[in-house]
Every structure is written in structure tokens, then in C-alpha cells.
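S.K.: Residue numbers (our numbering), protein chains in the order written: chain A, 1 to 367; chain B, 1 to 367.
Don't read these hints as lab results, they were simulated from the structure.
Being a predicted model, the structure only gives us computed values, none of them experimental.
It is possible that part of the hints are untrue.
Under 10 Å between C-beta atoms, here's a sample of chain A residues computed to sit facing chain B [what the hints assert, rightly or not]: (1) C90; (2) R165; (3) I220; (4) G230; (5) V234; (6) E238; (7) L253; (8) H255; (9) G257; (10) Q260; (11) V261; (12) G264; (13) L265; (14) F291.
Where is the CB? At the ideal position from N, CA and C, for every residue including glycine.
2 protein chains.
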Amino acid sequence: MDWRRDGELGNAHPQGRPAQGARPVVNAGLTRIPAPFVVFLGDIQDEVFGKTGLGVAQWRPQDCIGQVRLPHCLVDAGVPDMSIESAKACGARALIVGSAAVGGRIPEGWTASLCAAARAGLDVVAGLHIRLAELPGLAEAARAGGARLVDVRVPPASLPVGSGRKRTGKRLLTVGTDCACGKKYTALALHQELRRRGRDSTFRATGQTGIMIAGAGMPIDAVVADFVTGAAEVLSPENEPDHWDVIEGQGALLHPGYLQVTVGLLVGSQPDAFVVCHDPLRSSISGWPDFPVPSAATIIERTVTLGRLTNPAIRCVGIALNTSKVTRAERERLLKRYAAESGLPCVDPIATGTEAIVDKLLRDFPA
Amino acid sequence: MDWRRDGELGNAHPQGRPAQGARPVVNAGLTRIPAPFVVFLGDIQDEVFGKTGLGVAQWRPQDCIGQVRLPHCLVDAGVPDMSIESAKACGARALIVGSAAVGGRIPEGWTASLCAAARAGLDVVAGLHIRLAELPGLAEAARAGGARLVDVRVPPASLPVGSGRKRTGKRLLTVGTDCACGKKYTALALHQELRRRGRDSTFRATGQTGIMIAGAGMPIDAVVADFVTGAAEVLSPENEPDHWDVIEGQGALLHPGYLQVTVGLLVGSQPDAFVVCHDPLRSSISGWPDFPVPSAATIIERTVTLGRLTNPAIRCVGIALNTSKVTRAERERLLKRYAAESGLPCVDPIATGTEAIVDKLLRDFPA
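Isolated chain A, as found in the complex (with noise of 0.2 Å):
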């Protein structure tokens, strides 16, 4: 996977620094974010609070060159550990923060690394609730340094309202039965075939960790209700009419909280295109036991409704289960049930690849 093409939102390498001096502080939204780069992990004990990082070591490889890892540190994302001073040497252009504490928050004994990184010149770029300038010293650290402070949840200035035209080029979506059921995951792994099969596509970040490994996106959350549609459309603009923008979900139509950022995203999005991300052993929603997980069926049927107001063509191309924590056994009978009660392909992107649903999509949408 070649994340660096040129012309599309991938590309993690920007051409400008900053004069010295400068506003330090930018919002990434669709600004790119530099590479080669280290990952920040603090000192967490746990891999849940290190997603985002490993997320990023993961996914781009070819640019994380390392970690910085404070002592008593558990968590490993399985690249050299560097101090920042080697990062620095070693040509890292960029610290990302791939770790929280509870909360978000950034505990007081990691921000003298940050403000080291800064110091030395390296962008920090972090998807937090509040702003790295917030951190106690980092935006003089920055200044001194000459590097950027990068939120990447901030949305960018003077976003449009949705307008509902139809764009050219062709767009899947990843959509939920719930949120954290495997819409990133789904997403970069169907772009990675598509590309894998000489397909011109592009992953579209939507998330913070997402916005991390493209090195560029829309936190689509953040932004201000009237104009969520709008940065949907701005996220996946006119294209070639081959080209496949994968878009990554947020949400779920039946989330109680989060609904509406969810149809937001896909009226914006205009897909031809989704797939639905479920866990099976799920009953109801994460952190809001009184709502049930609704069926994949029914996710199906809401996303058609809603889509068709922007692309009456919108169709279901496949299911993504997660069928991480069954016996293999398990996992084969859920993959052909779901398949025959749907009529559509089902995979596991882990366990299974994607191939089944791109070969569909490919079929339903020839070249």
C-alpha cells in the first residue's frame, strides 16, 4: 500500500515549514501531517489507551521510524525505541501523541517530552479534547523550535454547507451497527485490495486515529452541526469516475448519541457503495445498555433510506463481521449465515480478507 500518491489526501508529505516565528499552531482537518514520524506512548500499561498509536505503526509502516516510550511503559508498538534526541537524528519530522490517559487527558509527567520534541524542532500532532497549546509550555516549546502544534480534531475554518450535488467518481462508505465495531479497519482494509488490484482509491479519515495514518482527513465529530453534510462533501470531492474514495463510518444510525454525525457523513458522502461493520456477540450498544444492537439487516435497510437522498443508487456491498472472540468454527458458520440471510458477501476483514466484498464491488461497478 503506497500511501504517498501524489494529488489525494494519503500523501503525508507536506512541502512548506513554517517560518520561525509563525503561528505555530494549525488545524490539521485537511492539512497534512509530515512524515517520517515517531509515536508518543507516555507510560501506559494498557494497549486500549495506546490505539492510536499502534493504529499508526501499524497501518504506515514505511513511516514510523520509531517510538518514545517513557519508563514503565507496557505497551510496544513494535518499532525501535528512540529517545527524542535520536528521533531527531534518525530525520523524524514529526511526534505523534498515540496515547491517553483516562479521560484523554495528557498526564503532567509527558509533557516535557512533548515540549522536548517541540523544542527540537519536531511537529506534535495529537487528536485530543483539548488543545496541545493548552499543554503547559509547548506553544513557547514550539515557537523556540520552529515546529507545529497539529490538533487533528480540529475541523477547518470556513467549512460550506452541504449543497447535495452529485460528485463524480465513485465512493463506499463503512457504516455501523454501533460505534467501535470495525469501520476504520474495514475501510483501509478495502482500499489496501483495491489497490492491491491496480484500482485507484483512497482512504478518507474521519476519525482521529484514521486522520493519523492517512495523514490527512475530517474529524467529522468536531465539526459544527449545520455544516457536518458540507465537510462530508469537502472530505470526498469530485474525483476521476473510476476512483473509489473509501470512506471511513462514524457512529451508527441507531446510536442515540451519535446518530446524527452518522447521517451527516452519509448524505455527505453520497456513496454508491456501503458495507456494514458488525459485532455478533454484541447486544447493545457500547456504554448505552438500554439500547439494543440493531441487526445488520436493519442497518441495511436505514442506510439505503437515508443515502437515497443524495445517491438513489446507494447499495449494500457486503458485511464486515468481527468475529474476533469465536472459535474458527464459530467463525465459519456466522460468515456463511450472515451471507445467506443477506445475499451478500461476508468476510472478516482480519481473519478472512476483503477479497469476497471487492470482488462484488467491482462487479457491480465495472471500470
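Start from chain A and add chain B according to the hints.
M.R.: Okay, now just chain B, sitting in the frame of chain A:
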């Protein structure tokens, strides 16, 4: 109609004033707007640009003691003309910016009046796209006068994510087949009719003019996407079992730009009842000529489908038509036709009042 009942958002009389030197800029959100007040109309020539001022003067006659107009202003809110000085002398506590130039701008020539008001100690209230404090000299004037600058389009900080939990009390939401088809007016008229019958009711505002009329509310379209359902929950909190919140709708469920706002407001409001507002003469979504206005029946079905997530018993209790541009005979024909087709009371809130809908509401939901 008494907008000043204690313990409600309709109450427009905050107890305290900020101390001199305190930060003068506040976000309206659920903050109350002081009364009595004057409306500022600038020098506009067309009522379209003064709809906020005209709406506030119409719906809060007891609090609106006058209007401040510049030379050549051709719009008249029907209240006494005043200078800033005479407004102050008459006891005004705030000046509401009730007009805007094209693009929502404040012309340079108006800023001097706003500064004079702030310097005289009148709070300045506006629902602009920019913050009041960005107008040249206004923040300084407010500090000097001990006045507040209230931007009603700025949502409160620290909104929660929507929980989907059932709240006590009853809720009615106005929904529309498009923007600008009577959702605010209908909600105000229904609220007024409920009050007239001695029912406990609160108008819950979601747009700038509604917020100024109610004295408080939630600028739902300015909330960050992740928090729209949560903001709607905050707007209509737990209440007495027989209390009605009459919630001003926003956008429309088949609107290609704004449907995400509508969806989040619907699910967070968990309405027991809704009223569809419709302009029977409009064929396409205003400003989106390629998108037809859906039928009232389509919007009823879609609202029930989506609203069931947080209120399985949601039901439509009436249709509010805007028949301002047809003859009296045609109006009667239209109202009869829509009533016959839907089996629901059908009114024009301005021409016929909302009694028929409130009759049904109170039959369907007896105290």
C-alpha cells in the same frame, strides 16, 4: 402569554449583573436575556433583514419598549422610536440587534450605535455569525459600561453526549418539510394556546430569533456535531408529568444540507408528539432547487421512523400549513384536503389558530 414564569427558560429577568471589570462576553445558550429591551433595526430597507427584531417585538410586546432606528430605515416594528439615551432613561436593560445586512453582516455605520448602548450600560444581544466582541471598540465599550455582550448563537460549553434516557414531562416538536416554513411560529402559537387553556407549557427555542423571543434557548445548529442530541436533552430537561415543552424545530429530515441537525434535535428531544409545518406552494427545498419538498405524509413517516429510537410512542398530532399566499377559498380547500388525507387536524396558525391541534393533543395526552 406570560413569558416570565419563574423557573422556566421563558423567564427573561436574570437576577444578577456582572461586576464591573468582569469578563463582559457571555454565551447565551441557556443564559437568560435581560428585559425590558429595545430592538435595533439599523438602516435596513426590507423586512427580510429585520425578521429577528420584528419577531421579538411581536412575541414579547410587554418587554419590548421601543426601537432604535438609524436615518433612512424603512422597517418599523410598531413600537416607539427611541434614542439610546431615552431607552436607558425608560429603563431598558438591553439592546437586541434585530437586523442584519446581507450575509449576516453588521455595517460599519451601525457599530457606533452598539458601542453607545454598551457604554450606557445596556447589554448588547445578537445572533450573528461573528462574535459581538469582534466588532471594533465594542468589547471596550462594554467593559466601560459594565454591559454584557450576548452572542445567542454560541452554545454553552461542556454539553454532554446524548444519553437517550427517558425524561419525565411531555414534549412536542415542530418539524418541517423544509426550512423557513413556520416551525418557530407554530411552536409559539401552540405554546400560547396551551397556556391559554391553563396548561403548563414552555417554549424551547433552538434558533436565534426564537432564543431572543424566549429569552433563552439552545442554538442547536451551532453545537459541535457529537453533542447535538445531548444539547437537545439539556434544552428540554426532566419536568412535571403534565408539563409540555414545545420545542422549535430546525431544518428538515430530507434537507441535503441540514438534516443532521434535524435528526439530532428529534432524537434528543424524544418528543411524544409532533406537528408538521408545510408550505403547500413550495415545490423545491429553498436554495436547493434540485431537491423536491417532500410531502407532509413522507415527513410524518420519516419522523416516526427516526423518533421511535428514543420515544417508541411518538405520534403526529397535526399539520400546520402556511397559506399566506392563497385566497381564502383556496386556504379552506387546502386545509380540508390535508385534513382528509392525513386524518389529522390541519390549521394555518396565523389564519385559523392552532386550537384544533391542541384539542387533539390534549385528547391524546390527557392530564
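S.K.: Could you run down the list of hints and mark each one as holding or not?
M.R.: Here is what the structure says about each hint:
1. C90: 37 Å, violated
2. R165: 7 Å, holds
3. I220: It holds, given that the least Cβ distance between I220 of chain A and chain B is near 7 Å, below 10 Å.
4. G230: 7 Å, holds
5. V234: 13 Å, violated
6. E238: 17 Å, violated
7. L253: At 9 Å from the nearest chain B Cβ, L253 of chain A passes the 10 Å test, so the hint holds.
8. H255: 9 Å, holds
9. G257: At about 4 Å, which falls below the 10 Å cut-off, the nearest Cβ of chain B leaves the hint on G257 of chain A intact, so it holds.
10. Q260: 3 Å, holds
11. V261: Holds: closest Cβ of chain B sits about 5 Å from V261 of chain A, inside 10 Å.
12. G264: Cβ of G264 of chain A sits 3 Å from chain B, so the hint holds.
13. L265: 8 Å, holds
14. F291: Since chain B brings a Cβ to about 6 Å from F291 of chain A, closer than 10 Å, the hint holds.
Violated hints, in rising order: 1, 5 and 6; the structure is consistent with all others.
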